[in-house]
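Protein chains: 4
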Amino acid sequence: MPKNVPDVPTKIMPPANPFDTSYLRDAGSEDKLKEECGVFGVVGVADASNFVALGLHALQHRGQEAGGIVSYDPAAGFQSARRFGYVRDNFTSQSVMETLPGELAIGHVRYSTSGAKGQTAIRDVQPFFGEFAMGGAAIAHNGNITNAVALRRELIERGSIFQSSSDSECIIHLMARSLQQNIPERMEDALRRVEGAFSIVAMTRTKLIGVRDPLGVRPLVLGKIGDGWALSSETCALDIIGAEFVREIKPGEMVVITADGVASHFPFRAQPSRFCIFEHVYFSRPDSILGGRSVYETREAIGRELAKESPVDADLVCPVPDSGTPAAIGFSLESGIPYAMGIIRNQYMGRTFIEPTEQIRNMGVRLKLNVNRALIKGKRVILVDDSVVRGTTSRKIKEMILDAGAAEVHFRIASPPTAWPCFYGVDTPQREKLLAATMSEEEMREHLQVDSLKFISLDGLYRAVGEAEGRNKKCPQYCDACFSGEYPVIPSDQVTQGFEMKPAAE
Amino acid sequence: MPKNVPDVPTKIMPPANPFDTSYLRDAGSEDKLKEECGVFGVVGVADASNFVALGLHALQHRGQEAGGIVSYDPAAGFQSARRFGYVRDNFTSQSVMETLPGELAIGHVRYSTSGAKGQTAIRDVQPFFGEFAMGGAAIAHNGNITNAVALRRELIERGSIFQSSSDSECIIHLMARSLQQNIPERMEDALRRVEGAFSIVAMTRTKLIGVRDPLGVRPLVLGKIGDGWALSSETCALDIIGAEFVREIKPGEMVVITADGVASHFPFRAQPSRFCIFEHVYFSRPDSILGGRSVYETREAIGRELAKESPVDADLVCPVPDSGTPAAIGFSLESGIPYAMGIIRNQYMGRTFIEPTEQIRNMGVRLKLNVNRALIKGKRVILVDDSVVRGTTSRKIKEMILDAGAAEVHFRIASPPTAWPCFYGVDTPQREKLLAATMSEEEMREHLQVDSLKFISLDGLYRAVGEAEGRNKKCPQYCDACFSGEYPVIPSDQVTQGFEMKPAAE
Amino acid sequence: MPKNVPDVPTKIMPPANPFDTSYLRDAGSEDKLKEECGVFGVVGVADASNFVALGLHALQHRGQEAGGIVSYDPAAGFQSARRFGYVRDNFTSQSVMETLPGELAIGHVRYSTSGAKGQTAIRDVQPFFGEFAMGGAAIAHNGNITNAVALRRELIERGSIFQSSSDSECIIHLMARSLQQNIPERMEDALRRVEGAFSIVAMTRTKLIGVRDPLGVRPLVLGKIGDGWALSSETCALDIIGAEFVREIKPGEMVVITADGVASHFPFRAQPSRFCIFEHVYFSRPDSILGGRSVYETREAIGRELAKESPVDADLVCPVPDSGTPAAIGFSLESGIPYAMGIIRNQYMGRTFIEPTEQIRNMGVRLKLNVNRALIKGKRVILVDDSVVRGTTSRKIKEMILDAGAAEVHFRIASPPTAWPCFYGVDTPQREKLLAATMSEEEMREHLQVDSLKFISLDGLYRAVGEAEGRNKKCPQYCDACFSGEYPVIPSDQVTQGFEMKPAAE
Amino acid sequence: MPKNVPDVPTKIMPPANPFDTSYLRDAGSEDKLKEECGVFGVVGVADASNFVALGLHALQHRGQEAGGIVSYDPAAGFQSARRFGYVRDNFTSQSVMETLPGELAIGHVRYSTSGAKGQTAIRDVQPFFGEFAMGGAAIAHNGNITNAVALRRELIERGSIFQSSSDSECIIHLMARSLQQNIPERMEDALRRVEGAFSIVAMTRTKLIGVRDPLGVRPLVLGKIGDGWALSSETCALDIIGAEFVREIKPGEMVVITADGVASHFPFRAQPSRFCIFEHVYFSRPDSILGGRSVYETREAIGRELAKESPVDADLVCPVPDSGTPAAIGFSLESGIPYAMGIIRNQYMGRTFIEPTEQIRNMGVRLKLNVNRALIKGKRVILVDDSVVRGTTSRKIKEMILDAGAAEVHFRIASPPTAWPCFYGVDTPQREKLLAATMSEEEMREHLQVDSLKFISLDGLYRAVGEAEGRNKKCPQYCDACFSGEYPVIPSDQVTQGFEMKPAAE
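Protein chains in written order, with UniProt numbering: chain A, 1 to 506; chain B, 1 to 506; chain C, 1 to 506; chain D, 1 to 506.
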């Protein structure tokens, strides 16, 4: 290979539309893991793109930066619209939606996991589209391809021209080069070259296609709506369109849906499944159903488990809103300590305000959260949060609570310490930025300067999600790499670039 | 008077900026009473307008349609920016905020109570500004003037030219015609002509001014920030800027604040106060302090009172989010029935989606709320809501709960039946649209088709807000006209236009 | 009067819509006098506002900064739209035009003569509207009120609240305070208080009204279209809508037009007329008719007169495009020297480009004009321009011509030296910025470094516009104050603020 | 090949930015041939993209629909901005231009010749960019590839994914598949596969590249600016940036320009050149230099030749502005009949207005042109225009002139009858829409109902452009296919789709 070949191609990034400012991330949420994407598709109903817009709206929590919809109509052909910002702001006007006619449509909402951070172009917004010799196809991808850099280099050397900086574009180029005679088979060909996690919703002129990677890391569910069908990342998006939840797509399964029904097959070598356990903790919406139970109930169970593992004498159990709420309710129910909203969330949050002067500390968090001062004053408070990532927000919340006159502050965290980055489609900081990568639980408590800090144990978490025996150490039932450092798929691009995996013996 | 004089002048309404679509009201909230306005002002701190932007953001729940800020700087003079949409979308950019320099600024967020509904012009957005012989002044008004139509007619006949359709503009014209030699005295002059409810924040080149009407219907509080001062509709907006809550402005009080301090006087004839009791029930934010106690605690107390008055055997107490939450927690604590989030709110709500087909009922509510189906199934559910206005949303929520398989649905409402319109600055439907204006509690239960429906009693509500003896029938401690039909100020314009008040004997 | 009363009220200027950038003036035209305004009105035809949009488009040369239209329809009432930028960009969309229904409409295009320069607000854009006791009225004003500051102060002291910084708003407040019983009479009342120049188009719910000041400084013409009528600043705007040119409105005349026809009267004391002679030289469009002859022919006659007065031996006569073209053609026809386009105008000019480096001189002019280098090389060139104001552009053009290799450059100017500012509705620099205010013709030639420079004489100009005997010194037939310093109306505000008029003896 | 392979791939067209309306074509210019593109590039100067913006502004007449710039800077990499609308509206703001840093940049302005008409996407706007194994390259193309459909099909079948509907994208895919080791050689490889006309400006990280097709159908010139170099479609764009015109790039020449200078070579088989003769007649700007003479002078010579070939007795020679102006001046100089501006062009034209009622005929033309009625009345008028395409505009102009009272109307056309479509980068109607394709000169005169109509002869045109002997019938010195039907390159895609070429014998 010539020396001047760059590892990752130089980006050409058209400046985003200056009118689109809505893609700016929620202030105050910078200390959370970001779910990367949500996918949704519908076939066999009139105005399919309107259903997709609704579905994406229900999946907005999985990706707030941008969204896109592709539709197909025999008269209009493939049509697409891709925009920065919320679904509600882009896909609700007649003028946009009538450009997306037809009975078949797919859509995608995204955070930027791959792609140059902070300068995502509209070109990186999915679904991606390719025109093949036998017609067009569009695909929307939730997950992350761990050998994308290597694939991209190989494809460019053979003459493919990439238009985005997204890892997902590899799939469409691999499909373009496949010798198979139809699009689903080309997709199988392409996906067998791909490593990592993927839940894909795709479409041709006549077919809606769904695929999950062999480990089933990311969710994908099937729904029935009238005479048509829907594919969605979560069941809550089936609810919004009035579709019936049929079943989860299985790990390694590909479904090809036409007017005639759902054909299922398994193009990959079978493996034990490793669903992402963090979907239970934080990513999925509480009203979605995972493994036959509402995510809300699972989180309440985590709170109960946490109360059993790490009880403490106090006056109030308060959630860090909104994600800590179900676990706080569970903690309160198990412990008998009254549940109260000690922190109020401003529901109008959005862009970052200009901070007037330095005299105001913690402005970022204040914009989003305010302490119920009169309630908290003099109380011993248990704060329940879903996770601790960098610890910056936890620290600010603690200060706000103490400013308001709390007597004691006890943190209870509904997940084990997050000590390893995710390479399967979640936006995590580099390992050295993770608080738990460098500190013990006690060091973290000192760092946060709270009266106590306790995380649920990994076994406790497995019990709460329904594994009565806890975690199977030899063959874990879930992907818990962010807690354990045990990666079910070797992240080969990252290892090439210097990421040090946990020693196998550990 | 010539025959062709129109009662209300023909409107000239420049079409709003077509880029501003954000002012569209939240879908799903069309069945709530709308607080009309929030006001905020700051003096004596650098970059005052940035503080005002933050304050208005914290008061956004009081008015989501539009907002405005006026600032004064000796070099730049008075500057203003008025925009449709959320504070976070308009008053966060450097390019806007640097047009508003100075150490003195006031702001306003609004719903349209007066003004032609549905076609508010930017000209109707406050603060209003007038140039007087002794210099300029800007005012921001929370409340409603009940003799505005008569005042407007009189002013036009004497040569005043109105620029907006807002009732608040009368104040500035009355001030322009006053013979007093300084602006605070002109304002007193003007306000003595005005009937109704008002909490006003105003400014001259050197003074920040706050006034409440003699009954003190709308809230207004004073805060201290560094060497400067702040006036705000609620204490939660003091918290966001790090200001200390000093005290409430008293009914009938005018404060004139300069660098030298706060001067207080009482320009109106003294009357017993009649603060709006609905501020406790719904309008104010739960983390604000009213009467020395957090609004959250008051609402929890309402829930406890409701549980005492109207107990029922059930499996779960669920709030209608988010406004029913504190009362639901109180109901659960009092009754011992577990609290649970049976209905999940989509935090990304905004504009109305295009509904794909008729097969989907209740789309409006579905966009905002989804039932936690797996949790609700087979359960007897108590739903706690803050109020019932038209009853349309209550009905849809009940249907969603039953669709999800609930065994029983019991509604508990944290306010008495809303049977009368408010004329003091709240956007209420006409009386005939209020469910409680035409139906008894039992008729409402039948109409909603629920297993039980109970409202808190008026005495119970008074007890919960801290009046141990309940309501003083001869001289009620609060304005409760929306429940009782007893209006503390006769709404003269409305009576002129045919509104029938409750017979005195009743 | 108290000491702190400002002479001109402090401005409150909402920042203009950031999307409106089109109002930026043409680069390269900064060295011209600016006509301030064009007015247009139509009554008695369906979709009147569409005719007004077309008329304003034809009058765009009279004002490029902003435009506005007000319409009246019995069902919709008065409606208005006011925008920065070109008519073609704002009043061509269905969505805007359908907000302006009815058979009666007026419009206005403007430069900012009064109003704070460089920070015009949308509030300063006409037509202005007022709601009077007997109904609404809108007015559009071309000209300038020379006692506006005094009137404004008086009105504010009596309680009027100004909304703009425009001198024209005085008229509407004077009307609001008139005791007359109908709007045309109130307008007469108001205009009798006003000094200066005005051609006004106004409307009530049923009437289209036109007025010219007693001197008739600014133009106004009457046209017939179908069963309806039109008023326009110039005849070229009648052509575009297919209206027939009926006659000029006379100096001091008011016409009140309804479905029944045109009523004419003369509410002011009669005076000899003083039409602006610069309308012939530059302001009016060449295809308009003034005094029975096309402006084009008058300008060609100016060129012929100039060739007679100041002949020179040369190879080519070239216009400074586009305004010098007719005079250059006249000069060529009279002199027999071939006419050629030695300077080419870029028809896509608009905003100012970012100049890349200092190595490029004269960028501003280059963006708009380019020399036809191959044609000019080695030639003796006569450049014909309409006027010299600051002289900056003339100098740059001379440099471009010499850079291209011209052997000689001779300037011939189609107007006398511009030595005095205009106070009657034209945007002129302060006197000290006018080249001719401080230099003789020969000094100007040296300053511009050209081989010769000649202006037409004042008498020659009068002959060219049709006064065979030249200028009547005792009672000039035109307003030529910008050349002669003889102001037909004393500019009282300016004199108050220190402007020194030419001694009467001179 | 499978039956369902579409000849031209189904388009996927994202809806254009709704804010961009400026790309709408000039009303009234719908009856002209449209030059398709202008290209410009600069290397070796700071802020190269600002120079490119200026150059594109000077080339705006070659393409008004959209423009794009790509720059390269070692720190920022390749950057691009592509927008609908005028250069002046898009590439003049600091915020856009500072995203395009570096000393090397190229740009493009375009009409849509290929690409789906009327629904151009921003994706079709050049320059196109590709990331190759040895680095990135951007190219901008003026011309048209006559075998693009065949190339596209072949490339798709081999796995290339097209992102635009532009024929020019083929070049970048052919480059991606070349086995050459550097980009200029890959470009040679690609261009040897391409048929048709092309003048290309391209760039790598270090090189500015210019190429003309072997026939040299489209222009391309080289300029020197400081220590750097520029490539441009025309010399007028060198003038605007202050660059010196060095020479024309030769037919079949490729220049590769770096900091070290200009390397020239000739990668194609040599052929006699066939420069587009219509560049002289209409496309190029009059101040550009072609063949050592200004285009203005050539057009004046065409007018003189026309006056010799087809004299007529009349009172005035008037141009159809602006393109007929130089020929009209030549006609006047040769014939001695006075030149006059009988038709005035509105310089503010742009979007189409809403036509108020049917009573107005010819609105489209009236918006742009107005007759100088007072001048024309009673005169015998010679109208000189550059060409007749459909004849629709000529007809309307004739009607306007007669409406104004002209005694006679004589058309003189500065080009031969346009009877054949252009396939080399000009937007022409289909052959059956061309007036001259179906009518003789006399039939056209009758159709237009004018007193006389004469076109210049093909030999006369050749003489005017400097070929003293006229056209060489055996080997014409220019491409004149639009007049003669003799196509120097067989338009193979068009022939495949059914276009009938002129029989060789003819």
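Everything labelled a hint here was simulated from the structure, so no lab data went into it.
Heads up, some of the hints might be wrong.
It does not matter which identical chain is used: a pair holds within one copy or between any two.
Dumping the calculated SDA-like pairs for lysine to any residue here, alpha-carbon to alpha-carbon at most 20 Å [unchecked claim]:
1. 368 to 347
2. 377 to 291
3. 502 to 247
4. 377 to 293
5. 473 to 248
How the hints compare with the structure:
no.	hint	result
1	368 to 347	both (8 Å within a copy, 13 Å between copies)
2	377 to 291	between (41 Å within a copy, 16 Å between copies)
3	502 to 247	neither (36 Å within a copy, 58 Å between copies)
4	377 to 293	between (38 Å within a copy, 11 Å between copies)
5	473 to 248	neither (26 Å within a copy, 61 Å between copies)
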